[in-house]
Each structure stands twice: as structure tokens, then as C-alpha cells.
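Since chain A is already given, all that's left is putting chains B, C and D on it; use the hints.
Protein chains in written order, with this note's numbering: chain A, 6 to 535; chain B, 120 to 429; chain C, 3 to 319; chain D, 37 to 649.
Worth flagging that the hints you see were computed from the coordinates, not collected in a lab.
Since the structure is predicted, the reported quantities are computational estimates derived from the model, not experimental observations.
Warning: the hint list may mix true and false statements.
Covered stretches of chain A, as calculated for chain C (at least 3 residues, CB under 8 Å) [said to hold, decoys possible]: (1) 53-65; (2) 148-161; (3) 225-231; (4) 264-270; (5) 312-325; (6) 407-421.
In this text, a Cβ means the ideal position worked out from N, Cα and C, and glycines have one as well.
If you want the building blocks of each chain, they are given just below.
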Amino acid sequence: MRTNRWLGVGAALVAAAVVLSGCSNPAGAEDTQAAAGEPQYGGDLVVGLYLEPLALDPHRQGYWETYRVSNNIFEGLTREDTTDTTGPTEIQPALATDWSVSDDGTTWTFDLRDGVTFHDGSDWNAEALDKNVRRISDPTYEFYDESSAAKLKQWFGTLTSGTVVDDDTYQFAFSKPFLGFPRILAQSMATLTIGNPAVWEQYGNDGFADHPEGTGPYKFVSRTVGDRIELEKNEEYWGDEPYVDTITFRIIPNNQTRLASLLSGELDLISYVQPEDVETLEAQGFQVPEGTGSSLLYISYNFTNPAFEDVRVRQALIHGLDRQKLADELYNGYAEPQYSFQPPGNEAYDPEVRDFEYDPEKAIALLEEAGYGEGDLAFTIVVDVANQNTAEWLQSQYKEIGVDVEIVSLDRTSYIARAYGPEENDGLSLDEYGGTYAEWLSQGFAGLAGKGLDPADFPEITGAIDAAASTADPDARIDLWKSAEETLRNEAVVIPTVNLTRYYALGSNVEGFVWPATNWYDLSKVWLAD
Amino acid sequence: MALLQKPSGEALAAVRGPAGSRAGGPRRSGARRRSRARVNAQVVLALVIIAAFLALALFAPLIAPYAPDAADAGQKYLPFGSSGHVFGTDEQGRDILSRLIWGGRTSMVVALIAVAASTLVGATLALVAGFSGDRVAGLIMRTIDVMFAFPVIIAALAFAIILGPGLTVVVLAIVFVATPYVTRVVFAEVKRHRGREYVEAAVSLGAGFWSILFREVLPNVAGQIVVYATGLVGAMIVFSSSISALGIGVQPPEADWGRMISEGAKVIISGNVTVALLPGLVVLVVALAFNWLGDGLNDVFDPHKRRSRS
Amino acid sequence: MGTLKHIGWRLVNILPVLLIVSVLTFLIGRLTPGDPIQGQYARTFSPEQIEGIRDAYGLNLPLWQQYVKWIGDLFVAGGGRSIVQEAPVFDILWPNFLNTLVLTAAGVLICAVVGIAIGTVAGAHHRRFADRFSMLFVQVGSNLSVYWFGLILIWIFALQLKWLPVSGMQSRGGGGFGDLLAHLILPGISAALISMLVLARFVRIGIVQEKQSDYYKTFASQGAGGLSLLGKHVGRNILPPVVNIIGLEIGTLITGVLFVESVFNWPGIGTQLLNAVNGKDYPLIQGGVVLIALCYLVVNLVTDVAVDALNPRLRRR
Amino acid sequence: MTLQVSDLVVEFGTGDDAVRVVDGISFSVAAGETFALVGESGSGKSITAASVLGLLPDSARVASGSIRLGGSELVGLSARELRRFRGSQVGMVFQNPLASLDPSFEVGNQLREIIGLHEPDLPRVSREALAVEWLGRVGIKDAPRVLGSYPHELSGGMRQRVMIAIASLSQPALLIADEPTTALDAVIQKQILDLLRNVIRTTGSSLFIITHDFGVVSYVADRVAVMRDGRLVEQGDREQVLAAPQDAYTRELIEAVPEIGTRFALERAGLPRRLGVRAPDWAVGSGSPVDSADRADQVGGAAPAVPVAGAASGVPRGEAASARPGEPLVVVERARKEFVVGGIGTGESRRSFLAVDDVSLEIRRGEVFGLIGESGSGKSTFARLAGGLLPLTSGTVTFDGQPLSALKGRGLRALRPRFQYVFQDATSSLNPRVSVGEQIVRPLVRFGKAPSVRAGRARAAEVLDLVQLPTGTFDRFPHELSGGQGQRIGIARALALEPDLLILDEPTSALDVSTQAAILNLLLDLREQLDLSYLFIGHNLAVIEFVCDRIGVLEAGRLVDVFDAHELFAPGRSPVTRALLGAILPIERSAVGAVDGELEGLTETTEPQPVAG
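Next up, chain A with everything else stripped away, as it sits in the complex (with noise of 0.2 Å):
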């Protein structure tokens, strides 16, 4: 058994945050006048949020919007370091303060945070977190939640036991090696954040999402449907106490009413800022931090269609993209070309690989080797509507390597029945989509195996990924995670496009946020300035 190496980091910062708690005076801190740069408690932050956030059920939940408000009522048993802008996020303790795992890499050993407790003041420990392991893997469980355990089963699929070894300790067994395992504890879907159990034991499994209770700094207080959800400050949260009051979550579609409604002072931050509006924003002194999610654009092929069989047609592709051009004009030069299917802020990510560079020459050489002259390979680009542009954008991109692109741009569901069920002529269709943990890879991968890839196919990338999933040695595992994802970039199977630099704007007296390299935020930092 090793001790976390990422332990002592975690310590560390849990000592600063006390240390600067300290220093704040939060029970005076509405009377006293802040100087600027000082943190001040209180007041409403209202949040604009672009999509409707999904059930809020720590099992159940989709989508960065819906994690975006449930991680503020949900905290798993680790967490990623939301304060670094930069790198790959680190793993924080959480819900648990230690952790360890055995040398073969299939058992991990959690020490759980003493003096936590639920919203409604029920202990958080072994017992309760044994409650939500049973919910998604037991089916024997008079509580097992049928449709959490299909969700979870990607990373809990291979769980063979879950065992309290004391009231602080819970033991995780798997049938393979699992070493990415507290890092995807940290995930926003398909993993095992941290609900109360007492809520579904009294009002079943369904009705969890109507009560959402967790151990986070803010407790749940209602939700709208289509309009909003409230939260109030956890007066008992075991960390830092959070700065605002309470937080509303506005969900507002409609890019130009999120914008309008945040350049009128009614939102203090949105989600999903588009490139055209950042000089707006900009001008009349709303923030647009400068940054990297997780995740990035990327075009995938549909393999059903006999084009793309060719790995040259699919090379010259790449070839015929130029992503700067793409990043200057399309996003105004808020992105930044993609060259790898790890995005920026994936603890496997390379900055410096490339694949295929800009070259239209050698895309039609390629194609003319391939058989296809100009005006010779003609496919249609599927779109979720939203995407449109980019589509249009590529369109022209693609008619000066001679290829005949249509477009069909549908609305979300039908866009992705048909980007996972092609049409024969179906060539390309485009996503947005990454994450922190190099697993992410073979998330990705399995993505497009829906939309026809027959993993048969790439014996090499298959081979590749399983290693890296199921190695038991930690020192190889991320370098094991580039090379697959070298593998895949070499077979030309997907086209990372770009990765979004403003994603968020906020008002002028909104402090304290940081746009971390992962896709969501931490808002018990944030306060508001007079």
C-alpha cells in the first residue's frame, strides 16, 4: 500500500484555506467596508446556465450545466483542485481524506473525513457511503437504483465488492487494475458522487432528485423547471465557508437573452460566452477570464461510409483543416487549435503533438492517390443546430481540396440519432466533448464506435487502450495513455478541431471566480464586491 502521493499537496492547501479563513472576518464582514481585493460574505449570486441541468441526482446526472449546480450540493470522495488555472487539475481529498490502493491495482483503501454530516445532520461515514455504493451495484439492495447502476456501469462495471472496514474506512475492490479510479471519483457523470442516503430510503429512489442532499457548501431550496434553481449557504460545511449567501441558477437558452440579461445586471455569470460577444462584453467591463476547459471540438467520420475505410481520405481531411484559420475566424481567436483527442487540462494531454498539419496540397495529393478527383468525394456534415457555423465554416474549408460538402443541421436529439445512426452519404459530424482523466480516451473511442467504428478494426488503438486502463503500474499509466492516444491520432480516426479560451463572462463585481482547466467551477470562492 502507498500513500497517496497527491496527499501532502492536498494537506497543504487545506492548511491555507484555513489559514486564510482566519484572516477574513466573516461575521463583520457586511458592516465592514472591504477594501478591494478583500472577500466579502453575502448577497445573491445569480447564475445564467445555457442548458437545462439534468435530474439532480448524484447518480443519475448528466451534462457540465447540471454539475456546474450539483457539485455545490455534492462532493464526491476526492475532488479536482478548482483554483489552478492551468495544468492538468489535481486530486484533492474530498469526502475522504486519504486514500491508497494495492500494488496490483485493483483495491483502493479510503480513509473518510471525520465531522462531516448531511445537509439534514445525519453523519457522513462508512456506512452511509456503503448505502450509495449498494444504490448502484447491488442489486439486492432494497434501494438499488436500476438506472443508476447502467449509468455507473462504465467505471463501476468492473467493481467486485465494496467493503466498510471501519466507520472512517471503505474498501474498493475491482476485478482489474483501476488506477485512474480517484480521479474519476471526481467526475461530474457516471461516477459515484456522495448523496444522503436517508433522503431515497425516505422517499425512494425517484424521489431523490426532489430532495437533492449532500454533504456540499450549499443546500438545495427549490427548482423550477425551465426557469431556475435555488441554493442557500450550508451554515454547517466542513470546509471554507462560502462567500455568497445563496446562488441562483437561471436557465436561459437563448444565447442573446443570456447575453442581454447578463449586460443588464440581471446575471452575474454566465456559461457560454460566443465569440462575438466577447468585445461587447468586454467593452462594457464584464469579465471574460481567459482560459481552457477540459474538452474539445472534434469531428469524427462515419465509418459505415466506404470513404473513410482509406485512411488516406481520412488523412487528407486533417490535411485540408486549417485550425488556426478555423480558431481566428470562426471564434474571433477565442480557441485555439486542437491537434490531439486529449483536450487541454487531461492529465494525458500534450500540448505539443501534432497530427496532420495544414497542408491542402498534400490533402488532394492524397485523395487523387485515394481515386478521388476534384469534386470526386462528396459527403454531408451533420450538425447539432448549434453548431451550424462551424459546419458552414468547414463546408468552404473543404471545397478548396475539391470536396463536395452538404450540410444538415438538425436539432440536438435528432442530430445525435443521426451522428449514432448514420445515413449512408453521412460523412462527418461534429462534438464537443473531453475530460481531466486520461479515461477520457477511452470514453472518446467508445463514442465512435456509435457512430460505426468497428474496434475490430484498429486492433493497435484497442490494444493500446486497454493497456493503459488495466496497467498496474502508476509511473507508466499516463505516458501509457499518450501513446494510445498516439495510436489513434496516427489511424486518423477523429479530428480535434479547437478548444473554446472564453467560455464564461461575469459582472464587474464578481470576485474570487477562476476558470480552472476542467469544465466546471467552484462557486464557494466567488463573492460579490459592492
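Using the frame of chain A, we list chains B, C and D on its own:
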């Protein structure tokens, strides 16, 4: 969609103006002659506008300074009055003027076909319902109820999903939206004719059901139908902009006024107002022209105004 | 008595329409590609895993079983459970539905007040400048995209003049009735736009016609003034058709309020329905459509009853 | 002078486009007198009346001339200034009592409002009392019920009484009545005229009455003016104008009126039974030197004088006697028709009523069967039942041996050419959007009576000729035709199919008298030429008696009397028949006031008889 105006059955009477005939009013008063001249001027103006836009659409390749899909994203959102792009450029740096010229091809044709189809279907249903027994009329009107009660976007999305996006979907969606309105308006009008003596006379003269509907009643409601249908043209182009915002409809980069409005609306708050304003104005002008044309055509269907023998 | 029987009969008549709407909605949902599970998980999960989740939600049962279950759920289980939101459908829809009613009410009010005002001005000045100007205004208005018009309103009144809020139903930290009203003005106008113009045309024609009627001459011949005549007699006589038009427009508003809700982020049933459609949340779509359809049909029925009640020929019997 | 109109010119439109509808007329109405303005439709008489109070349509205006009321000049006053005169000094009664009250308010409400207009300070209770008083004065006995009623709950006659009360209650110096009885049944018409006479007698008002009916003139007027095409052709005292019209047009109008007994007088004189044809000594003191040329050829030799009511006992000879008995062409047995109307959404409550109640009769081949009754008596419904336009609720209709009531669809349609309709209102029975030629040709082609459209056109030309219309009419649209021309088209369209029976549903009641005369003459001609049978529906007994061989009287859907035309005055007539007879306003060409008693006495002394038929 509340996009539809409903000229009442009585609209016609109002257009005709106060008939002083019983009190000995002259057949053709000066006032009417003058308003007739105004109507004519309006119709001519309408025809000129429509013809101009049709000509622009027809000769788009010759007239438009650029190809409608000639994109240069480096030149995007150029403002109105930019050199080389008088009307500015859009999100992809395409010339708005050229796209407006080309856009007429799809927008006007689609709207006309769709409105014609819904008018045909709606008017037929209304005529049949108006002259059928309770059961048939009830069946037709319940069907109309179903269409009315069914949220438009669901229907439009369903068409889009079933058929795949494209022009056909726009046409079908418009037909789905407009048909119940046409039916209701024409039905109300037809009902006014149901008890008329000329219908009874036709029965006594041996006219059959269809003959009464299409040879006797239809000419009497045709003017009304035309007024209503032409009023729909503009509204339906606007409606097509609403559904293209949902990803239904003409696929990019094809130019289409409705799509241009919806794309423009994506950046109104961002400050690129002309991108939305120009197609909006074009649709407005064309719609007004069709409105005026409809009023004029109504006169054509009305022998009171068509002939002026005395 | 006869009237009551008729109302009953009409209520019964609503059922087949609803049934057809429900079957259509159900079939459209199920027979078109895409489903809520795929929508959420296709990017990350393998097809087998997705199939497993579908099983968990009962989406692999035979269609008729799903339909029958849903119809049952409508009556006993709050319309079934939203697959995406994980909550009973009517629990989700009801608050939104009420919000939509609030917006519709505001729209109807604005529609009635402004529409009648424009129509009256035009009708009273038949064929004069005020009439022509109002009617041009009406024609222009009825050819505007509501979506586009709404954004322009926001730009002018909320961002430039800062008179009114942009979106939603309440200001920061909530607000009273006045706050709600402030939030209602712009969406109300947008929602009412087309309907108010329809109404204006109607009122105009009504006034023109009533002014030619014999009773108008009777009162005029007795020295009654234009205004009292217009207000009392003409007003009362065009009331039934006006109520009828307003009723029809309420129906149209309810089924078509989606675009307004989207622009002003009004948390209504249209927004919800669009969400549901985007996520292909079957139970939510079905519940929403049935609710909207029911509402539309009931409004139609109420309108007919109201119009009858306004008819003196029926008052006595 | 109460009203002094001089050189009045009314124009529609302005400038070069202006059309004069009243062209420099002058007349005056003295205090207490009844002045009648007579003219046919389009003559400008109603416009003249409307111009007094400035109630002209928007597009019309007084171009020149003067209208003085009492001492005040009304021309040139603004609407606001005119309002002072409206009601208080001039009351107005309009033609259509069904529409001249606001349908949405109770009668009491409207009366109180109008009283308030004249006496704003009067408290509500007094207004109510005044309203009750005036309803009493116009002969309404149950005033409270009427005050609490909506207009639609009152009969046409009652409504016209209320209108008269409204017009008179401020006791204006002048009461203008614009065709006050045209829309009413004969019986009611007489009551209303009596009432008007009565009212002006008590209020001392002058009465300015607009009418097209010389019977009305004869009954109420002191002085008469005859208007044609915007000009006055003649004016003078009633006796003088009626008895010795100076103008040919006036005479034409008077002679065109069918009167009871005319027919038999003509028959006895051996003259053709046509209107406008008269025995030379008919009009006492007639100074007319020459008949109009087109009529001269019809007028035969001398004819004996015929007393008005004298025919009652006499058995006529001639035509009536020569009427072939004929076998039954149409046999109606126990016909019943129940209508269900209304229901939610229709604006009316759902109810059913019996329009035709157990009627049996037969129409014989070659005869003219007249069916008369007041409005609402079910006569039009009966016509539609008899001609297969409406299904029977029970009973049977047999046409020439074929059970019409049992036939449907194709079978019925095949039989249709044999019985044809002529409707009351030519304008509404002709399709306004189809040229009249087309309307004649379509059925011909449909029934194979014309093998081609070309042949159809030829046949159409024939029938147009038959109804004395130029072939050029073919391409016209109905609105381009006058009422009489329209009715000729209606007849031509029916005749083109060579029917055995024409069902004439009040074919002349919407027409001016001269046109009516022409149409009636045409119908009589056609019957002789084409060997037709007629079912002739009407409400004017004089017309019916003039045209028909046998007469049936309907009341409330029941057939109460059936008799030969010459038996009109026989003792067995039902009270309904007698009431109809009593309501006739003959044109009194000689002494004044003789009219009142004569016929009335007849109706009141005769005993009720059991229902005939």
C-alpha cells in the same frame, strides 16, 4: 403560431364600402372610382415589387455581385455600406446583398407553393364541411381542432425527423400551420353561403354536391380566399425563419430569407443589427406587396369591380 | 338546460380530439429516430451500455404497452416520470403551465386593449388618414418575426433605455406584483403582436358595419352623439365577435407562445416543451402536448359559451 | 311651413365624378299635414328623407339647395349642430323595424336612453313612466313586458310601434317615416298606418312619409309628390294626383297596382288579364288622354265599369271558367316539417318548431295555385317541400305520380327539370359571381337539354327572348341587372329546362310596382304560351287574387282555407282570409275616407269558418 391574420367574412363587405344602393345610391360613385384608382395604384405597386423580386431571384446569377455561398470568414460581419459589400456580410463573411437576391429563389417559391397547397387543402375541406351533414363536417372540424391543438414545433420537428430536413419540411410545416386557419376562415365564409338562395336555386336546377361546391360557391368565396392566402405569404416566410432557428428547413449555406432572419437574430444583442434587419425588411416589403396584391385580386374575383358596364 | 347539455356534449367531444392528439404525439415520438437515453449518453457509452439504460427505463417494451402505461400514468401517476428530469411530468409542467397562463393573460389583455383601440380609431375614421395609417401599421406588424421583434424590444427597452427587465419573471431576490408586471410588458407585447392586429382588423370592420346598421341610424336620428353611440351600442354589438376572436387568439397564443418564451426566457410550457423535444423526453413531450391541446380545446369551448352568453337571443332561455 | 325644401341637390362624390341622386327638388310640408313622397327604388326618395337630418351616407352630401325646418336652415350645419334638431324637432321611423332597434339592449333601456337624450335631467323613474306612457300611446298594452324585452322577442309590428314611440315621444314638429310598412305584412301595415295617423293627430306633428305604394298614399296622405330619377314629376293634393295624374309616369305607377277585382272586371270586359290594362271608365275623372304607346295594343275596346268589391257575389266568366280542371300534378298529403335550429356556437338556443303542420293539397295541371299567408306562416317552407328542396318530416309529396318525398339523389335530380323555382329575391337567387348566361346554360348541359355549350347558348338566347331580355344580357353579372331584369333571368333560367310546374316564391314582392306588373304580365303570358302550372306564393292578396285560379291560405303552418279565386268573398272564408282582405289598401280615386269602413266591415262581421282544405 399566431402569425395569421384572419380577415373576417365581412371584410369583403367593408372593402366594398357602404352600399348606398338601396337608398338610390348610384352604381358607381365618384368616391368608389377614386378608391378604385387607389386600389389600382396599390396593385400596380404590389405587382412591380413582386415582379422585381422575382426578377432578382430569376436572374440572381447575373445580378448578384457574389455567389450566395462565397464565404470569407475573415471578412465577417462587415457593416452596412462597406466597400465591396454594400449590405455588409454575415457570420461566414458572405455578401448579404447577394444572399438576399438569391434567397428569394427559395423563400418566395417555398412560401408560394406552401401557401397554395394549404389554401387548396383548407378551402376544399371548408367547402366540403360547409355543405356536408353534421357527421362529415364534425369529422373535418375535429381534424382541424387536432391540428390547431397540436403545438406547431412538435409537428414541424416530426416532419423534419421523418423526412430529413429540407425544403419539403418547410412546405409541410407551413401547410400544417396554415391549413387549419384557412379552413376556419373559409368555413366561416362558406357557412354564410350555405343558406343562400342561389345555392338552393342550384339544387333546384339539379346541381350535384361537387358542382355546387366548386362551380357555385367557390367563385363566391374565391376573392376572400385569395385575400387571406396572399396575406399568409409574408407571414409564412417569417414563420419559416422561426422553424429554421430550430434547424428545420433549408440547409446551409443555401440562402433563404427566413434562415437569414433567424441567423441575424442570433447577433442582434451582440450588436450586428443589420444582419437581421435587412432580411426582415425585405420580407416585410414582399409581404406587404402580397397583401396589396391580394386586395387587388379580390377585386378581380368580384364582378362588381371587374366590369363597369352600366 | 339545453345549454348545459350542450356544454356536456362539447366536453365529450373533446375526448376523441385529445385521444388522437395523444396517439399522434406518442407515435411521432416513438417512430422517429433518437431517444432520450441516446441523446444523453451516446458520446460516452457504448451501444450495449445504452441498451441497458433503455431497459432500465422500460423503453424496450412493446409500443402498445408503453402507450397504455402512459395513459394510465396520466390519471394516476402525474403523467408518468420525465426520463431526463427524473420527476413526475405534471410536477414539472404545472408551474410552467401557470406561468404560460400568466403570460397569455397579459398577452390577451394587451391584445384586447391595443387591438380594440387601433381598430376603433381605424373604424371611426374609416377611409381617412388615421384608418390608412393604422391599417398599414397592422400590415407591417403582422409580417414581423416575433422572435426578431422581441429581441429588438429587449435591445431598446431593456438595454438602451433600461426601463424594463430582459428576461424571466422576477428580478434578483424576487419582487412583488409590480416586478412581475414589469417583466410581463415586453413578452406580453410580443405575444400579443399578431393577435392584436387580427383583432384590430376585426374591430375596424365591425365598427364600419355597425355604423351602417339601421339601429345606428335610429339613435343618430334621435340626436345621440358619436361617442356614446360608439361606446354603448356599437361596442355592445361587436362584443360577441370580438370575444370570439379573442378566444380563438388565446388558443393560438397558448399553442404558439413558444417563440416569445424563448426570447424572454419566460419559464413557460413552451420552453419546457422545447427542452423536452431537445432531450426527446417522451413523457414530458406527451404530457405537454396533451396539456396544451386540452387547454386549447377548453378555451375554445369557454369562448363559445361566453359568446352565447353575450347573445341576448340566448339570455332568456 | 314645418319643412321647406327648395332646390335640393344631393350628390354622391365630388367634382367631375359627382353623381346627382337628388336633382333640384322643392316641396314643403305644412304643419299637421301628411305629405307622401312616392317613387320607385333608385328615385332618390330615401336620400331626400335622409338629407333632412343630415343622415346621408358618408359618400353623399347636399350640394346645393335649402332645407328649412321651422325657421332654421339645416343645410350647412355641422353634425353637432344638427344633433339639436334630431329627435327633438324631427323624429324618424325607418323601413326595417327588425333592424332599427339595437338587438343587444332591452327595449326599455333604449327608450330610457333616448328620453335621456331629450331630457337629460329627468330622473330614471320618470323616464320609465314616460316610456310606459308612450308605449301605451302606440297601442302597446303590456308595456312592462315590452320594456323588459329584447327587440328580437317582439314581432315586427310591435317593433315598428316602438319605433314610432321613439320617434314621436319628444313630440317633434315633423315625423319622417321612410317606407315604414314595406317590410310588414298587409294586416300589420294597416295597423301601423292607423297608428301613425293617430299619433300625429295627438302630437300635432306633420308626417313626411316615403313610400312606393299608392295604397299607402291613398290611405294616409294629404298631399303627394311623385319622384323619378331625382326629380319631382308631379305634386299635388292626393285626390287630384290619384284621380287625375298629370304625368304619364304617375299614371303608369297607379295603373300597375293590382287591385282586388281587377281581374274579373277585365274578364267581364273581355280584356286580357294583364296589369296596366283597364276599362276606360275605371279611373273616375281620369284626364289621361293617351295611354302609353307600348300599352295601347293591349288595351281592347270599351269595358263596363266594375265596382271594387262587387265581384264578391258574382260568378266570373271568362278565364276562370275556362280554366281546365286538369288532373293533379302535385299532390301533397299531410306534409309536416319540423326545424331544429340553434345550439352552442351558433348564437342561438337550440329549439325546434313546426314550420308546416299537416298540410294537404293538390295542384292541378294547368292551374295557378296561390298560397298566401303572413310572414312566418310557413308558405316558403311549403314551397320548398313541394319542390323537393327540403326533406319532409312526415307526409308525402307526389309529383306527376312519382313519390317525390321518397326519392333521393340521382332519382330526385332527374326529376328536377320538371319543376322549377323562381325565388323572391332575384339578386340572391342568382349566383353573384357567375354570368347570367352561364347560369342558364349550366343546367341545360347538366340535364342534357343542350348537347353542347354552344347549343346551350342558343337555347339561352331563346329563353332570354321569351322573357323579353336582349341577348346581350347573356354576359352580364347579376349585380348589373335591375330587380326586374334579375327576376326575368330567374324565370328564364327555370323555363329553359321546359318544366311542367313553376314554383314562384313571392316572385314580385321585392320589386317596384311597375316592375311587378311587368313580371306578372309576363308570367301570365308564359303560362298561356308554354302550358305551365304555377304554385304562386305571396302575401299580397290583391296580387294573388289577380294571378291565381285557386288560393290556399296558410297560418302558422296550417292550411286554413282553400278556395277558387272568384270565391274570395264567399261567406265561408276563414278569419285569416278575411283579415288579409281587410288589410288591403285600395287606391281611392274619388272621395276621401270611403276606404275605411268598407272592407273592414266585411272582415269584422263575417263569422269564423272551419278550416278549409
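Okay, the hints, checked on the actual structure:
A count of 5 residues in the region 53-65 of chain A with a Cβ less than 8 Å from any Cβ of chain C is obtained; the coverage claim is therefore met, three being the minimum. For a cut-off of 8 Å, the count of residues in the region 148-161 of chain A with a CB near a CB of chain C stands at 7, and the three-residue condition holds. Coverage of a stretch by a chain is defined here by at least three residues with a beta carbon nearer than 8 Å to that chain's beta carbons; for the region 225-231 of chain A and chain C the count is 3, and the condition holds. Only when three residues or more bring their CB closer than 8 Å to a CB of chain C does the claim for the region 264-270 of chain A stand; here the count is 4, and the claim holds.
Coverage of the region 312-325 of chain A by chain C is violated. Counting CB-CB distances below 8 Å, 0 residues qualify, and the rule asks for three or more. For a cut-off of 8 Å, the count of residues in the region 407-421 of chain A with a CB near a CB of chain C stands at 5, and the three-residue condition holds.
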